[in-house]
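Build the full structure now, drawing on both the sequences and the hints.
Chain by chain, the residues run as shown.
Number of protein chains: 4
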Amino acid sequence: MSKQFNRREFLKTSYTAGFAALATQLDVQGVSANDQNPMLTVRSRLRSRSWLMPAHFGQPEWGQPWPDQPGELHYGDVTGISISYLTDGEKLSSYLPHPYELEGPPIVTVGYSMNRDITWLAGGEYNIVAVTVRATYPGEIDKVSGSYVLVMWENLTDPILAGREFQGIPKIYGEIEDHRIFNGVWRATLSNRGRTILDIQAANLVKIEPDQLQQLNARSAQGRMLGWKYIPDETGSGPIVSYATEFPMSTRYKEAWSATGSLKWYPQTWEENPAQAHIVNAMHSLPIKRIVSSEVAKLSNTLLVGKVRRLR
Amino acid sequence: MSKQFNRREFLKTSYTAGFAALATQLDVQGVSANDQNPMLTVRSRLRSRSWLMPAHFGQPEWGQPWPDQPGELHYGDVTGISISYLTDGEKLSSYLPHPYELEGPPIVTVGYSMNRDITWLAGGEYNIVAVTVRATYPGEIDKVSGSYVLVMWENLTDPILAGREFQGIPKIYGEIEDHRIFNGVWRATLSNRGRTILDIQAANLVKIEPDQLQQLNARSAQGRMLGWKYIPDETGSGPIVSYATEFPMSTRYKEAWSATGSLKWYPQTWEENPAQAHIVNAMHSLPIKRIVSSEVAKLSNTLLVGKVRRLR
Amino acid sequence: MSKQFNRREFLKTSYTAGFAALATQLDVQGVSANDQNPMLTVRSRLRSRSWLMPAHFGQPEWGQPWPDQPGELHYGDVTGISISYLTDGEKLSSYLPHPYELEGPPIVTVGYSMNRDITWLAGGEYNIVAVTVRATYPGEIDKVSGSYVLVMWENLTDPILAGREFQGIPKIYGEIEDHRIFNGVWRATLSNRGRTILDIQAANLVKIEPDQLQQLNARSAQGRMLGWKYIPDETGSGPIVSYATEFPMSTRYKEAWSATGSLKWYPQTWEENPAQAHIVNAMHSLPIKRIVSSEVAKLSNTLLVGKVRRLR
Amino acid sequence: MSKQFNRREFLKTSYTAGFAALATQLDVQGVSANDQNPMLTVRSRLRSRSWLMPAHFGQPEWGQPWPDQPGELHYGDVTGISISYLTDGEKLSSYLPHPYELEGPPIVTVGYSMNRDITWLAGGEYNIVAVTVRATYPGEIDKVSGSYVLVMWENLTDPILAGREFQGIPKIYGEIEDHRIFNGVWRATLSNRGRTILDIQAANLVKIEPDQLQQLNARSAQGRMLGWKYIPDETGSGPIVSYATEFPMSTRYKEAWSATGSLKWYPQTWEENPAQAHIVNAMHSLPIKRIVSSEVAKLSNTLLVGKVRRLR
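Residue numbers (this note's numbering), protein chains in the order written: chain A, 1 to 312; chain B, 1 to 312; chain C, 1 to 312; chain D, 1 to 312.
Calculated directly from the structure, the hints in this document are not laboratory data. Warning: the hint list may mix true and false statements.
Below, a list of computed lysine-lysine pairs in the PhoX-like style, where the Cα atoms sit at most 20 angstroms apart [to be verified]:
hint, chain 1, residue 1, chain 2, residue 2
1, A, K298, A, K207
2, B, K91, B, K264
3, C, K207, A, K298
4, A, K254, A, K298
5, C, K207, C, K254
6, B, K254, D, K298
7, B, K298, D, K298
8, A, K298, C, K298
In structure tokens, the structure reads:
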């Protein structure tokens, strides 16, 4: 069957035809394994599901038995510091791609986390600094609200590539040391090549009560990040992929503390951080009018990667 | 004008319409700056050209005056070790996506390089281990030959993201220490998280003559890498971008030496390198039948990023 | 008084006079602050206790209030994997400096640990791979037994310097990633510049009972490391400091598991690890005859730095 | 003979007897190899010269043939940026240990260098930021002048240990990226764990003439660093080693440029850099009254490690 499949004709037509539809068609028609990756025909990938570049090597041979549920990735041991602050609504909304809109007051949340016991990294770990804002997507079909990710720094390239190319989360590399605790003050720092980008600090921790924890868990069991998947064409004259995405996740808090938080963004010159200074400076230009909440938490996260989708 | 532009209608139709054509149309029609990124409307990006995620922050504010020619990125100080070996043709061709074909005998080239004085990194540096094979692309329109990139490790995330998302080069992260020279033996090593992936070594260097250098430069002035740009959909059920790319570059050799080369690939378990073991093991499974050439060189590279294109 | 003190005469004579005695004398005689560091007179160090090179800057201005007891350094959050194996007694004892002797059968213990909440690092963290052997010091005055440290790798330079120069613990630098747990198997790896030195692994964890934990804590409350403090003269013609040391510490186990352990040493060439290959190869040359015990534990450690002493 | 040698008696007496003298005596008396390390008797070290902790493993098995002259270590490829500034003499001299004295006006020199082709690291590389001041040592026997090293950051632990314990150079760890050059401006940065410590910058380079280069080489052929070797006792109650050292070196300039230099020290809190903040802040507290010279150079360095000596 795969020989009968006219590959060249296919390559000509498929780009404009809509991939999701095509994939379904192919399944329906019972094409061979060779055709299950309709846009990439390579002998090494027989029976392999779609994975990242280099695509011709297929996908990783995941460890067995696989401990997670299908479509889920488990982060078993997460410690986080999260600080939210009120900023300028006009400035903040200028970074939201149409048709995203701010949901509620213009509040930026900066969340540091140390993530361990990560299944897909064979139990490995990495740290994250996520910058999000509450937003709604008033699409024609989808009307959802969640945490729109302005930018997410991670100190490991593997999840950066996966997060960008699968889910449209704007991850970039940063050095993020594990947080430190001295005399009850928690500190974390984001930097790049010897330049501090962000300091985040939490003090005066007060553990929240069991019933509050329960409420927190009720709210966070069905969370979602919102993104904008964007791939430029080969010369950057414009995008070839550019649309909103939704990334559901489920968070289970084990312990949580309210805290007194503070944070500081450091501006950078282009020479200091050529690929990121414009991002750092955009964050720095958003005034920190008032810290509205700060929390420290130990939790686990389940990323529902099988339910990520394009918003329409 | 931007207000008259029906954004929502546009978002519905543009994806299947062909972006290059559209971009031209928009230019012709004199639409406002707001519309120059047709697939992303965000106030922060007025007048900004297309750049990588997070796209809503626009692009870097490149240092001025910009020393490179438009459409070119200069790598002023490159030192490289390159070793080519004959392998099994059947196995090697199984990694070439259709319709790529091997050009000539099945020879793998592994090229380590230490790259400095890089304009777009503000004079910064990074190291590369590139694995390529000579291939032809017998397309309906484009018939080109060049170095198809099987995989490219780099020790800096910024160029990894740019290379993948602009040019379709399958870059992944690796620790690559600067090469060392002791008693005339040059050594470089690729590793990840404490696991050696590749050793490469060159000895017995013999400097090539000026006329040979001239011939080498004549050949390398118009080189090209070939890639396969591949972006999966949000859940990995299939690709949304999947096509061949061509990345022209111009290399100018300053000095070059022929050498006696050797190299060794180390297999890995999934637990040791969860996102890359399948790639490393694929390379390890290709037999090194015979080293066919080895060279050491000092050179400069000009990447013609303005001429990268999809092959058809 | 300090003016009357003949500094030059002092410098001539003090070296052979015994510093501890002298320090006491000086205190008794009520000499000025200037003389409290008899071997280093520098105005910047008035009233400062002895600290490491650069000594003329005095010592760190430790955070206040200081949470630890005087003479103690607390490591609040330690996770460890420890594996002991029987080896060749003849070979092993060849590494024990006279008059150290093996205590019991020739058993090497390799202990990986991830150390967090470290007071003197402002709550920071680092990882350790310690290689020890049970030994006795049958000195004329001191007769003690403990864990003689053959070598200790750490992934942070600060404690390496302090451990060597204060306590005579032979610490050297190594890359030590945090351990990973996948499907119940714990793994840790020691490497240097992309070369694996050691793999350590624990599986089939069985939690030990509360009464066993209590016994374990009773034994480990008064532990000690034994070292050999050794400083060469300026050209390496011989040592200027060379004697046995004792470093008491108190370990409190929170949880512990017995496990099935395995480990592997990787030999190295001098070119691969110029300053350490001879150490790695020495460890590799000691046969692993039989794993005799393996444990995983969560614990806290109190280093009794105020009680470290030279053995006589 | 070695059996007749009363080891225990020896250990008791040798410490106060003067090691250099003893070593000579032992040689003269023709004692066995076992006694050539009089302060450390260990079977593994037969015939080995004195090396660093862990001393019981002997010294590295240096690559053969050894390319350097005896007593010399060659750094074949060094690129440096050096900036000197006038500061406050009173403050500066407070960091000089007695009997060192400032030589000439109070000028601090900060020298960044990228060091490659280093023999003893098998051709490896590391970067240095050295802070020195011109000083004289008016000893009873030795009267020398040179560059007293206030502090030296290096981004590799191996030379830090050797430099401290052999030569008394106060080396500590810092992250030092290779310098960058953009639009003719050279930049280097020193940091630690995401905190900038120092920025150094050179612009407007003017190449010096051949005759000037020759003069420069005449002066630098016989340079020397001055240090203060300092080892505390086991609890830090005082030093057990504390004296001035001289470290001769020979520099050969290949190319040199005068430049317009600038530099900036960043203060730090103890929490940010627990082992170094007091050093960084001391440097920051020295006013930069005026930049007096700036240079960029490509050179090679020969460290005369066989001629390092204690000053008396």
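For each hint, the structure was consulted:
no.: 1; hint: A/K298 - A/K207; result: holds, 11 angstroms
no.: 2; hint: B/K91 - B/K264; result: holds, 18 angstroms
no.: 3; hint: C/K207 - A/K298; result: violated, 23 angstroms
no.: 4; hint: A/K254 - A/K298; result: holds, 6 angstroms
no.: 5; hint: C/K207 - C/K254; result: holds, 11 angstroms
no.: 6; hint: B/K254 - D/K298; result: holds, 19 angstroms
no.: 7; hint: B/K298 - D/K298; result: holds, 17 angstroms
no.: 8; hint: A/K298 - C/K298; result: holds, 17 angstroms
Against the hints set out earlier in the document, a violation occurs for number 3 only.
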